[in-house]
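Chemist: Take a look at the letters that make up each chain.
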Amino acid sequence: MSSPDVPTVPPPQSARLSRPAPETSRWRGSRNWGDFAFRWITAGFAALVIITLLMMGYEMYDGAALAIEEFGLPFIWSQEWDPVQEDFGALPFIYGTVVSSLVALFISVPISFGVAVFLSEMAPAWLRNPLAFLVELLAAVPSVVYGLWGIFALAPWMRETVEPFLRDTLGFLPLFQGPNQGYGMLSGGIVLAIMITPTISSVAREVLRAVPQTLREAALALGATRWETISFSVLPVAKSGLVGAVILGLGRALGETMAITMLIGNRAEISASLFAPSYTMASVIANEFTEATDDLHLAALAEIGLLLFLVTLILNIVARLLVWRTARSAPGAP
Amino acid sequence: MTMTRRLFPISLICALLLLVACGKKDKPAPSGEEGVRGDAAPKNVSIQGAGATFPYPLYSKWMAEYNKINPHIRINYQSIGSGGGIRQITKQTVDFGATDAPMKDEDAKKAPGTLHHIPTTIGAVVVAYNVPGVDQKLNLDPDVVADIFLGKITKWNDPRIKASNEGVALPDKNISIVHRSDGSGTTAVFTDYLGRVSDEWIEKVGVGKAVKWPAGLGAKGNEGVTGQIKTTPGAIGYIELAYATQNKLAFASIKNKAGQYVEPKISAITAAGAGVEMPDELHVSLANPDGADAYPIASYTYMLVYEDMKDHAKAEGVAKFLWWAIHDGQKFAEELHYAPLPEPVVKKVEARLKTLKSGGKVLLSNP
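These protein sequence lines are chains A and B, in that order. If you read the first sequence in numbering that gives the first Met the number 0, its first letter stands for residue 0, the second for the next number, and so on. If you read the second sequence in numbering that gives the first Met the number 0, its first letter stands for residue 0, the second for the next number, and so on.
Next comes chain A alone, as it looks inside the complex (with noise of 0.2 angstroms):
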């Protein structure tokens, strides 16, 4: 589920594709047979991305058709969720992916962006590979491991220890309030925190590290600090890269099934409070699906799959737009 096709459009293909590319025009030129069969072969390849694409549309679409009869529009704001009266609505699963998803970002985004500008400017020549090998292994690790690791250890830490000091600190949010039970939307962000960090700062560092070394130096020439250099000529050089970035470790999130079952506590309801449980579209299939046999259930879980599909599709798009704004604008941008 988590979108890998996400454009990450790091500079160091355009910074390759900027210089004259000979063996491009070397390939288009020659017109034999094998060149023929190649391309046709490639762009079968590609033409299969699209119709799969299409065909689970259709086919989640067919699925969750009787839903749709039945609730119209109104299911996608609606806030029940009774499989006994078969009354179904869609809006505290939205607000529980899109929220994590958020809550995931705000921690690990900082975190990430550090440990690429660290790996890719500062850190000692004989460190960086063991440590950026050391990041890509946390990518590795089954999210169901993620989850029991969250239910033996994050639950309990954030139960006795970090809920009780986020309430007696900052308290008067009602981000902070309720009962502290360990299981909720913020174990759940955490443990998405850390499964994206990963995916986020590896390809963070692939971009700083594409950025063109002169730009460094002429900073330096110029008699900037090493911080200046960084924040002044290659982080907005690198900027549109690193939104890409996020928008990996976004899409990771929003389609995360396993480990934020495991932690999010499973409730259909929206709540202010981070303490509270709640519930993603992804938690509910994986959840529900297997039992259910009324029609209309299924259906209804169908129709969660389209909507899960639709706002990955459509933040996506945002980002995309994101992207592209940032390239235009970035000093020095191709």
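Don't take every hint at face value.
To be clear about the criterion: a stretch of chain A counts as covered by chain B if any three or more of its residues have a C-beta under 8 angstroms from a C-beta of chain B, and this derived list gives those stretches [claimed, not checked]:
#1 147-161
#2 178-185
Pairwise CB distance ranges (calculated) [as the list claims (entries may be wrong)]:
#3 B:P70 x A:I49: 48 to 56 angstroms
#4 B:K203 x A:E159: 46 to 54 angstroms
#5 A:D61 x B:N66: 36 to 44 angstroms
#6 A:G62 x B:D104: 46 to 54 angstroms
#7 A:P163 x B:E202: 48 to 56 angstroms
#8 A:N31 x B:N66: 39 to 47 angstroms
#9 B:G150 x A:G62: 33 to 41 angstroms
#10 B:N66 x A:W156: 53 to 61 angstroms
#11 B:P70 x A:G62: 36 to 44 angstroms
#12 A:F164 x B:E202: 37 to 45 angstroms
Honestly, the hints are just simulated from the structure, not real lab data. For every residue, glycine included, the Cβ atom is placed at its ideal position computed from N, Cα and C.
Once you have looked at the hints, place chain B on chain A.
Modeler: Relative to the frame of chain A, chain B by itself:
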């Protein structure tokens, strides 16, 4: 750059080779499987089943044991959930289905033939808890259990919990309710019981595999609820007996219809089955049954088979396997924390199995 240019066509060729290899492998497979011992005396039969996860440990034990006795019959069971089991048997993509909650009549009508419920074993759902400082077994009344899960009793030292637990030092601690977040037969059994003992439960929540819980946190699977109870002081939840026993969680004795506090022992669960008359359709709720020794939160689990099956060899295999399961198979139940079927029920199932047919021919004339 040169590297990528060279690698790309190579990887493409690899991908194509892989496709070709897969395509080749596909062809001989189906004929090969049956052909291996095709000419040996009894023909190999492969039977497919799918459905409930709740009886899966017992079913997989049965299938392994049955295969030892009858090596030519291979039974595969996918524990994909009761919903999937019902869907697949209705579409006839499997030879038998399995479900915890009986099929609704309107669903059964959609099936292309007469479907029979075959009760196979009885399982119990226990009310497990984690109350710091309490080592004794707690006694709970039905209305107290219902009000806890309705969110009306919120403290462990509530006078109504104290009333049935004299001499136990119950702490002044909040009750954290843990329920299943995924649709499950366990939830159906538990809510069925709560509905029997509390009118308010029926009114506010209802009975089903997934319900709108008035309070508490949802956890995925028996293992999720178990984990959450274990790590949360003050937690209460409902799980299958096997999980509570294996994880050494404390669980309550529940007051039954006869007014006794009964522990969920195997004998008490079979007693629950004996306390309810099995009707001719061979499915019945065991919630809050009669009987002084009966544990009140228990349920049958069922296999679903068509009365008339198409493939004779498979039909015979299914019928014989079921016959074995309700007789010899019952002895494997207890070690896996399921209760054997009561004798009168076995008799009724026997009669039903003798009606199974294939192409109009009765399968088990003299089993």
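Chemist: It remains to establish, for every hint, whether it holds in the given structure.
Modeler: Here is what the structure says about each hint:
Under a criterion of three residues with beta carbons nearer than 8 angstroms to beta carbons of chain B, the stated coverage of the region 147-161 of chain A is upheld, 6 such residues being counted. Look at the region 178-185 of chain A against chain B: 4 of its residues bring a Cβ nearer than 8 angstroms to a Cβ of that chain, three or more, so the hint holds. Between B:P70 and A:I49 the beta carbon distance is about 50 angstroms. The supplied range of 48 to 56 angstroms therefore holds. For the hinted restraint 46 to 54 angstroms between B:K203 and A:E159, the CB-CB distance of approximately 33 angstroms leaves it violated.
Checked against the hint of 36 to 44 angstroms, the C-beta distance between A:D61 and B:N66 comes to roughly 40 angstroms, which is consistent with it. At roughly 25 angstroms, the beta-carbon separation of A:G62 and B:D104 lies outside the given 46 to 54 angstroms, and the hint is violated. Checked against the hint of 48 to 56 angstroms, the C-beta distance between A:P163 and B:E202 comes to roughly 37 angstroms, which is inconsistent with it. Between A:N31 and B:N66 the beta carbons are some 58 angstroms apart, a value that contradicts the proposed interval 39 to 47 angstroms.
For B:G150 paired with A:G62, a C-beta distance near 34 angstroms keeps the hint of 33 to 41 angstroms intact. Checked against the hint of 53 to 61 angstroms, the pair B:N66 and A:W156 fails, with Cβ atoms roughly 47 angstroms apart. A C-beta distance of roughly 41 angstroms is found between B:P70 and A:G62, which places it inside the suggested range of 36 to 44 angstroms. Checked against the hint of 37 to 45 angstroms, the pair A:F164 and B:E202 passes, with Cβ atoms roughly 41 angstroms apart.
Checked against the numbered hints above, the structure violates hints 4, 6, 7, 8, 10; every other hint is satisfied.
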